[in-house]
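Under this note's numbering, the first residue of the sequence shown carries the number 1, and numbering increases by one thereafter.
Worth flagging that the hints you see were computed from the coordinates, not collected in a lab. It cannot be assumed that every hint is accurate.
[Stated by the list, open to error] Dumping the calculated EDC-like pairs for lysine to aspartate or glutamate here, alpha-carbon to alpha-carbon at most 16 Å: (1) K333 with D369; (2) K612 with D582; (3) K532 with E578; (4) K612 with D564; (5) K222 with D476; (6) K458 with E416; (7) K532 with E509; (8) K371 with D406; (9) K163 with D592; (10) K222 with D239; (11) K398 with D369; (12) K393 with D440; (13) K182 with D348; (14) K532 with E581.
[Said to hold, decoys possible] Computed spacing ranges between beta-carbons, pair by pair: (15) R126 with D348: 30 to 40 Å; (16) V66 with D177: 48 to 58 Å; (17) S270 with R54: 43 to 53 Å; (18) T11 with D177: 25 to 35 Å; (19) R350 with D177: 42 to 52 Å; (20) K458 with P20: 52 to 62 Å; (21) I144 with L79: 52 to 62 Å; (22) N579 with S18: 46 to 56 Å; (23) Q142 with R60: 26 to 36 Å; (24) I392 with S18: 13 to 23 Å; (25) R141 with G389: 44 to 54 Å; (26) K182 with V47: 46 to 56 Å.
Heads up, the beta-carbon is just placed ideally off N, CA and C, and yes, glycines get one too.
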Amino acid sequence: DMRRGTTRRLTETVATESDPRFSTDGAQILFARDGNAFILDVGSGLVRQLTDIRSGPAPRDSVRAVGQRAALERQQRELLEVIRDRQRADSVQRAERAAAALRGLQPTYLPAGERLAQLSVSPSLRVAVLLTASTPPGQPRQTIVPNYVTSSGFTEDIGSRTKVGDGNARFRAYRLDLGSGKLTALHVIAGDSTRVAAQVRFMGWSDDGSAGLLTAGTPDFKWRYLSSVGDAGGVQIVDALRDTAWVGGPCGGCMGWLPDGRAWFASEASGYAQLYAANRDGSGRTALTEGAWEVTSAELSPDRKWFWLHTSEESPFVTHFYRMAITGGAREKLTSAHGGHRVVVSPDGRRVADVYSQANVPPELFLSDLKGGAPVQLTTSTSEAFRAGSWIKPSIVKIRASDGVDVPARIYKPQEMGAQPNGAAVIFVHGAGYLHNVHDYWSSYAREYMFNHLLASKGYVVLDIDYRASAGYGRDWRTAIYRWMGGRDLADHVDGSRWLQKEYGINPERIGLYGGSYGGFMTLMALLNAPKEFGAGAALRSVTDWSHCNHGYTGGILNLPQDDSLAYRRSSPIYFAENLEDPLLMAHGMVDTNVHFQDIVRLSQRFIELGKTGWELAVYPVE
1 DMRRGTTRRL TETVATESDP RFSTDGAQIL FARDGNAFIL DVGSGLVRQL TDIRSGPAPR
61 DSVRAVGQRA ALERQQRELL EVIRDRQRAD SVQRAERAAA ALRGLQPTYL PAGERLAQLS
121 VSPSLRVAVL LTASTPPGQP RQTIVPNYVT SSGFTEDIGS RTKVGDGNAR FRAYRLDLGS
181 GKLTALHVIA GDSTRVAAQV RFMGWSDDGS AGLLTAGTPD FKWRYLSSVG DAGGVQIVDA
241 LRDTAWVGGP CGGCMGWLPD GRAWFASEAS GYAQLYAANR DGSGRTALTE GAWEVTSAEL
301 SPDRKWFWLH TSEESPFVTH FYRMAITGGA REKLTSAHGG HRVVVSPDGR RVADVYSQAN
361 VPPELFLSDL KGGAPVQLTT STSEAFRAGS WIKPSIVKIR ASDGVDVPAR IYKPQEMGAQ
421 PNGAAVIFVH GAGYLHNVHD YWSSYAREYM FNHLLASKGY VVLDIDYRAS AGYGRDWRTA
481 IYRWMGGRDL ADHVDGSRWL QKEYGINPER IGLYGGSYGG FMTLMALLNA PKEFGAGAAL
541 RSVTDWSHCN HGYTGGILNL PQDDSLAYRR SSPIYFAENL EDPLLMAHGM VDTNVHFQDI
601 VRLSQRFIEL GKTGWELAVY PVE
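The task is simple: from the sequences and hints, build the whole structure.
Structure below.
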């Protein structure tokens with residue numbers, strides 16, 4: 001009870017219970033328990049089961065025999081009383097089961113090989129939407145990660161993931177009639193009722209409960225469909241987004257229903273993540289926001305009159321919080337301090353809780369009135385020793401790339417740390433590929449932010465580049481690495497090296513790189529494909545061969561290894577091992593379940609077989 005501040009326990013079981021939501025009148029609560037839907041009456045506490053979902057196939061009565069086999073059955077019945085008694089009893093039991101089924105829940109059997117992934121009952125209690133998952137034929141092979149440091153003293157295997165392109169799950173959507181138990185397939189991929197989706201998610205019911213919202217992606221990562229499912233049946237495509245590279249971008253889960261029955265959703269259709277609304281059949285599409293900036297999060301206010309938005313419209317280097325009418329149009333900026341804001345509005349809509357940071361001040365929690373007034377700081381999370389440090393706000397510079405584009409970078413200068421330049425430079429390469437790190441708020445890499453200060457204090461110029469594929473700059477920036485990781489993104493780092501040579505007179509042999517994961521991969525690609533522009537590198541937990549990486553991340557960017565061998569060959573450092581000529585440190589954790597230790601072992605073996613020297617592998621047994 002939000003007004004009284006009291007709570008009341010509704011269930012106390014050992015079952016797995018999830019997804020609770022109130023009925024429209026607030027008198028009942030729908031929830032899922034161990035793969036079935038239930039409803040709880042708030043007043044009486046009565047719990048009623050709404051679905052009885054079982055693994056398929058459904059049991060069938062024995063098939064009636066024909067021909068010679070039918071003749072043998074007739075003979076058995078004619079000669080043997082025990083057979084006649086059995087068949088009489090079977091007939092009675094079938095009749096009793098049928099009568100019981102009519103009195104209770106109708107069991108619903110999923111198609112063979114499919115398992116329940118998500119279930120949601122409509123507010124009308126007439127239908128439910130089911131999502132199922134299945135594994136294609138040819139069991140995918142799961143990778144294992146050996147764990148050497150164990151309490152048992154034995155090497156134990158950690159179960160991990162599949163490799164890209166190896167038999168990934170497929171998803172289907174169904175409409176379940178709660179009265180009859182009938183299951184009807186919903187075709188959420190436009191124009192092809194036979195195709196299954198690589199992923200399907202149910203996003204919620206409209207305010208009146210007459211329709212649900214589904215999003216589905218195709219296995220090739222190039223289409224995202226948003227569909228409405230009517231309570232009475234039928235699927236209509238609200239929006240179909242196609243990307244010649246792969247569908248992605250910020251605000252991927254930003255979608256839902258407006259009070260007037262239209263759907264709203266984020267899309268990169270304009271080249272930047274913006275909000276749109278459309279009718280249930282896709283007609284009447286309107287842009288709610290527009291511009292060469294991105295909406296990074298969006299939700300409706302509890303009274304459903306406003307959108308609460310985080311966007312980069314002021315600058316790609318800051319994030320502010322805005323209020324906008326659900327009809328779109330002008331936005332009211334509700335945060336003012338320069339930096340990064342992550343805001344939550346109180347349920348009564350009067351106050352704002354804001355996790356706010358600056359480039360040299362880590363995030364803290366602030367409270368303010370929605371209508372204005374000075375924010376009150378509620379937390380101080382850093383130590384006194386930390387606050388006494390000389391933490392700088394790195395300047396943001398623009399590096400003119402070889403294709404004429406200005407690439408943002410943060411720079412740490414020795415003079416800012418009271419040090420003399422030593423004639424050398426280090427480039428830090430952020431990880432994840434699609435990640436934003438050049439901004440005027442607290443770094444996504446807090447440890448590296450501090451380590452860059454250490455480097456600057458020793459006389460190094462440090463450059464941190466938001467290379468092509470980074471987040472925060474729109475669709476074309478995001479997809480510039482399609483079919484070639486280590487192509488345009490590596491060129492941006494080469495251009496960064498040349499900028500350091502020109503602006504600071506630094507010899508390229510005294511320019512090093514370091515980074516982890518994607519940053520480690522980029523460090524390897526720089527030393528192996530552009531050795532004349534760099535003098536050394538440190539590659540942490542680096543991907544060395546993309547055909548050994550996971551499916552969800554890699555498959556969209558490079559397609560599948562069995563279909564696009566060129567993309568994988570030109571994107572994987574292991575194919576360029578013969579080009580190593582500069583000092584290289586590789587550091588890797590042995591129990592990494594994301595970028596496997598196997599990656600660096602295989603590259604090390606290549607270096608050994610090629611007779612390469614000047615490289616070192618640092619191994620961390622429990623990292």
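Results of checking the hints against the structure:
{"no.": "1", "hint": "K333 with D369", "result": "holds, 13 Å"}
{"no.": "2", "hint": "K612 with D582", "result": "holds, 10 Å"}
{"no.": "3", "hint": "K532 with E578", "result": "holds, 15 Å"}
{"no.": "4", "hint": "K612 with D564", "result": "violated, 30 Å"}
{"no.": "5", "hint": "K222 with D476", "result": "holds, 15 Å"}
{"no.": "6", "hint": "K458 with E416", "result": "holds, 11 Å"}
{"no.": "7", "hint": "K532 with E509", "result": "holds, 7 Å"}
{"no.": "8", "hint": "K371 with D406", "result": "violated, 38 Å"}
{"no.": "9", "hint": "K163 with D592", "result": "holds, 14 Å"}
{"no.": "10", "hint": "K222 with D239", "result": "holds, 14 Å"}
{"no.": "11", "hint": "K398 with D369", "result": "violated, 37 Å"}
{"no.": "12", "hint": "K393 with D440", "result": "holds, 8 Å"}
{"no.": "13", "hint": "K182 with D348", "result": "violated, 42 Å"}
{"no.": "14", "hint": "K532 with E581", "result": "holds, 9 Å"}
{"no.": "15", "hint": "R126 with D348: 30 to 40 Å", "result": "holds, 34 Å"}
{"no.": "16", "hint": "V66 with D177: 48 to 58 Å", "result": "violated, 34 Å"}
{"no.": "17", "hint": "S270 with R54: 43 to 53 Å", "result": "holds, 46 Å"}
{"no.": "18", "hint": "T11 with D177: 25 to 35 Å", "result": "holds, 27 Å"}
{"no.": "19", "hint": "R350 with D177: 42 to 52 Å", "result": "holds, 44 Å"}
{"no.": "20", "hint": "K458 with P20: 52 to 62 Å", "result": "holds, 55 Å"}
{"no.": "21", "hint": "I144 with L79: 52 to 62 Å", "result": "holds, 60 Å"}
{"no.": "22", "hint": "N579 with S18: 46 to 56 Å", "result": "holds, 52 Å"}
{"no.": "23", "hint": "Q142 with R60: 26 to 36 Å", "result": "holds, 34 Å"}
{"no.": "24", "hint": "I392 with S18: 13 to 23 Å", "result": "violated, 46 Å"}
{"no.": "25", "hint": "R141 with G389: 44 to 54 Å", "result": "holds, 49 Å"}
{"no.": "26", "hint": "K182 with V47: 46 to 56 Å", "result": "violated, 24 Å"}
Hint compliance for this structure: hints 4, 8, 11, 13, 16, 24, 26 are broken, all remaining hints hold.
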